[in-house]
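Chemist: Next come the chains, spelled out residue by residue.
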Amino acid sequence: MEQAAIMPRLTGVFQDIFAIPNLAISPNTTAADVPGWDSLSHINLVLAVERNFSIRLTTREVRGMKNVGDLVDLIAKKAG
Amino acid sequence: MSFVSILFLLAAGAAACLHYALPARFRVAYLLALSYGFYATWSLPYLALLLAASALVYLAGQRIAAVPGEGQKKLFLGAGIGGLLALVIAFKLAGEIRGMLFPLGLSYYSFKLIAYLVEVYWDDSVCEPDFWAFMLYPAFFPQIVSGPIQRPLEFFTQLRRQAMARADYAQIEAGMRLILGGLMLKLLIADRLNAFIAAVELQPASYNHQIILLEACCFTLQLYADFAGYTNIAIGIGKLFGITAPPNFAAPFAASNIQEMWRRWHMSLTSWVTDYLFMPLQMALRGLGHVSTILCITISMVVIGLWHGLTCNFLVFGLCHAVFVSATALTAKLRRRIFGIHVVTRVIGYGIGVPLTFVAMTFSQLFWRTVTWANAMQHINLVFGRTPCGTLGWEGMRTEVAEPVMICMALAAYFGAGAPGLRWLAGRIGLIVPAWVQYGLALLLISTLTIEAGSSFIYGQF
Amino acid sequence: MASSNAASRQPRHPLLTCALAVLLFIFIDEAAFRTGWYQAKVSVFSSSPSTLLTMSRWEQSHVTPGMREIAIIGNSQLDEAFYPPAFTQQNPNFPYHIVRLTAPGTWPRSWYYLLKSLDPTRRRFKEILVSSDGYKVIQDYRPLPDDFQEAVNILPLVPISDWLEFIESYPGWQNRLKIATILLFPSHAYAADIQDVILHPKIRLSEYGDAYDKYHFQPWKFEINDSVNVSLAGFAMDPKTCKVLAMPLDDPSIEGGLLAATTNFYNHDQREENERRNADFDVFWYTKILQMYQGSPTKIIFLQVPNMPAPFCNMAPLPDAPDIRDELPKMPNLSFLDPVMFAKLNQPQYFRDEIHLNLQGQSLFTAELGDYLIKSLSGGQS
Chain A
1 MEQAAIMPRL TGVFQDIFAI PNLAISPNTT AADVPGWDSL SHINLVLAVE
51 RNFSIRLTTR EVRGMKNVGD LVDLIAKKAG
Chain B
1 MSFVSILFLL AAGAAACLHY ALPARFRVAY LLALSYGFYA TWSLPYLALL
51 LAASALVYLA GQRIAAVPGE GQKKLFLGAG IGGLLALVIA FKLAGEIRGM
101 LFPLGLSYYS FKLIAYLVEV YWDDSVCEPD FWAFMLYPAF FPQIVSGPIQ
151 RPLEFFTQLR RQAMARADYA QIEAGMRLIL GGLMLKLLIA DRLNAFIAAV
201 ELQPASYNHQ IILLEACCFT LQLYADFAGY TNIAIGIGKL FGITAPPNFA
251 APFAASNIQE MWRRWHMSLT SWVTDYLFMP LQMALRGLGH VSTILCITIS
301 MVVIGLWHGL TCNFLVFGLC HAVFVSATAL TAKLRRRIFG IHVVTRVIGY
351 GIGVPLTFVA MTFSQLFWRT VTWANAMQHI NLVFGRTPCG TLGWEGMRTE
401 VAEPVMICMA LAAYFGAGAP GLRWLAGRIG LIVPAWVQYG LALLLISTLT
451 IEAGSSFIYG QF
Chain C
1 MASSNAASRQ PRHPLLTCAL AVLLFIFIDE AAFRTGWYQA KVSVFSSSPS
51 TLLTMSRWEQ SHVTPGMREI AIIGNSQLDE AFYPPAFTQQ NPNFPYHIVR
101 LTAPGTWPRS WYYLLKSLDP TRRRFKEILV SSDGYKVIQD YRPLPDDFQE
151 AVNILPLVPI SDWLEFIESY PGWQNRLKIA TILLFPSHAY AADIQDVILH
201 PKIRLSEYGD AYDKYHFQPW KFEINDSVNV SLAGFAMDPK TCKVLAMPLD
251 DPSIEGGLLA ATTNFYNHDQ REENERRNAD FDVFWYTKIL QMYQGSPTKI
301 IFLQVPNMPA PFCNMAPLPD APDIRDELPK MPNLSFLDPV MFAKLNQPQY
351 FRDEIHLNLQ GQSLFTAELG DYLIKSLSGG QS
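Chains as they are written, first to last, in the working numbering: chain A, 1 to 80; chain B, 1 to 462; chain C, 1 to 382.
It is worth saying that the hints were derived from the structure and are not from the lab. One should not assume that every hint holds.
[Said to hold, decoys possible] Examples of chain C residues lying across from chain B (beta carbon under 7 Å, computed):
#	residue
1	P11
2	P14
3	T17
4	A21
5	F25
6	I28
7	S187
8	H188
9	A191
10	I194
11	L199
Predicted model, so just to flag it, every value in this text is computed and none were measured. All C-beta atoms in this analysis are idealised placements derived from N, C-alpha and C, irrespective of residue type, glycine included.
Just chain A, same shape as in the assembly:
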């Protein structure tokens, strides 16, 4: 899947999960930049991403993500 196509869809997922309607994200966004993104909401984000992009993420992959950019790369790789 194209990186350019992922970003808007991912933004929508973020806005929904964190209940921030006009939230904007970029490849450098990390958990510290989004209010409410902690270890508890993280799993909700992971579930929503899996559901939305029809992929399955492993613990190792989730662990390796440092920012939104890594997540986008991961989705691109898995969503084929």
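Fit chains B and C to the supplied structure of chain A, relying on the hints for placement.
Modeler: Same frame as chain A, now just chains B and C:
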């Protein structure tokens, strides 16, 4: 050797001087010798245990990185984690049942080793090839007694960096500042609050309700001052040798809910449990929705409780926090909707949340701090008025114990809430008063305001 | 501007910072405590160190020239036995000035350093009357050789040149390390007192002025509190069994002190060991005082203070106990007052507790010692 003894600190200082005098290629071996020497002064047999556990985990890590198959990796990972946990549980049980001496720092270095194995499992490149550098990781003496629990990658990176570079004066001075600050927090505040607690504990049922409530608050405040003081000294000593450990505290009393408080209290343990237990568990149980969240939280909090000791008290402590954190997590969205709409409601939210969080923590301390179930129940009954309190007030204890209590509580609360304004003040003072004058005055304060009785660290027993 | 300068300022070499910080600490420490500044500012009664040091400062700055001073040195036993104001009132033409060097809680070690600091020429005093609680040493256990509190009391009186000797006078390396630490960092030794001042600043700082002006240091016992003037008349004890037969008072603290001294509280198996330790300590420090005054025109006169009547079990010396009169060096300017001089005071009716005289005992003792002073120094100029 206690971290607050003058002899130890002088020895550490001298050891640090020697460290920088040595050629860089000997520094890892030197630190290893220091760390094992330090441990040996406590116990030679348990030093052998540390050596054996470290060496076995080194080998296991090598195998995990080397073998290709996922299943085989899992095998070595499971064996390593299983072995380490079995060791910890066996010694904790032996301590409870047979009164056997618990190996110094086992809770801390076993968790460091587990972290290493899991990190290698997730990413082969984390595997540390240098045997001597690896052996230093669990044994590094500033961190072995009571943490902080540093992550392997962070440690090895810093080790490699400082072994190459010359002394970082700024880091060393930051270390000295931390040591002085930690000593003041521990000796001037924590020990005084401890004297108050000890006085009340001689006959808790005789004191009036006000004293009992103050004592309960002191459980939390004293624990913070003691452990934060210790941690600062430990981090400071590490900095003298070029290794900066992760912090353990970040203004815990400024947290507006219990979940946030755990992100600011004993941070190195909480983040360890979050990364290596909570998150993998969550990923494994992700299909179950809220049930999975509550289950993961409960398991994590119980592990944090039982990490301190396999007793009923610590279990209940963990369960209390499981309930508190679950409630916080499940109402997160609701609270954000109610309090998040306007700055005024946010302030009201803080105004309610901060004291409530402190009360919740103090309630759980009634189990944590009282070692036995009977003592916990006695305190619960006294605090909630189910048993009538006595009539003794401040006059029931010596004046030098009673008089400083309120100001020490205030100071502990102030520092625990992040010492608002202190950084600004320190900045202004720093413009006119050079650092060495500040340190000299700090030494004077420590010398004149320490109380007589010798003291031990609470977290040194875990 | 200024803040960016601060941020870019390179920290000094850590060893230099450390050294400067420690030097500053030592400097403030020594300046505040060794010069007596701290002791000058806080109330005198609350701490023995203050008593001793304030007295010494006063006497240092009020020297009567021409060897016209008589020094009286000892601890509370002599302090409460001899009352110079009564003596000078009765003998206004006595040509010598009585210098009071008695302080509670002090021992021969303290007296040595006190005399050393007050009398550098060894020609200040015409006579020095030195207290002894018994020429034949008593056999109760006294940890005097390693008495840490005594070190705290006399810290500022010990000059740097004497530090090694002072440290060595304490047994064991742990004691010596402690003493060395408080010599360098007296603030730590005074920590408990400093904390008391911080907690009660008003009381501690205000009482000082009055006391200093009126008494120069510790007020005379009965002038401030005559409720302590009780009498143990009626107290009786069986000399053979050391059992108390009659206790006249209803005061638990006095009673406690008496019972502790009369029962076999201390281990009699260690009698000889205790006697030897006490004798060694007394002889060592008295000898140092005597050696200081070797060849000096000053007369050193020992006197034995009254004690509750023998047998007082642990407080009474045994007949074959070591006698300091035999063990001290013989010197032409050394003499011992005969204990029989004050023997009539060894009665319970003259005591207010097991070692201190009451008001009646005090006036009798003062009269007796006063008579001696008049007779021995009659003629004035020597």
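Chemist: Each of the hints needs a verdict: does it hold here or not?
Modeler: Hint check results:
no.: 1; hint: P11; verdict: holds (5 Å)
no.: 2; hint: P14; verdict: holds (4 Å)
no.: 3; hint: T17; verdict: holds (5 Å)
no.: 4; hint: A21; verdict: holds (4 Å)
no.: 5; hint: F25; verdict: holds (4 Å)
no.: 6; hint: I28; verdict: holds (6 Å)
no.: 7; hint: S187; verdict: holds (5 Å)
no.: 8; hint: H188; verdict: holds (5 Å)
no.: 9; hint: A191; verdict: holds (5 Å)
no.: 10; hint: I194; verdict: holds (5 Å)
no.: 11; hint: L199; verdict: holds (5 Å)
Comparing the model with each earlier hint shows no violations; every hint is respected.
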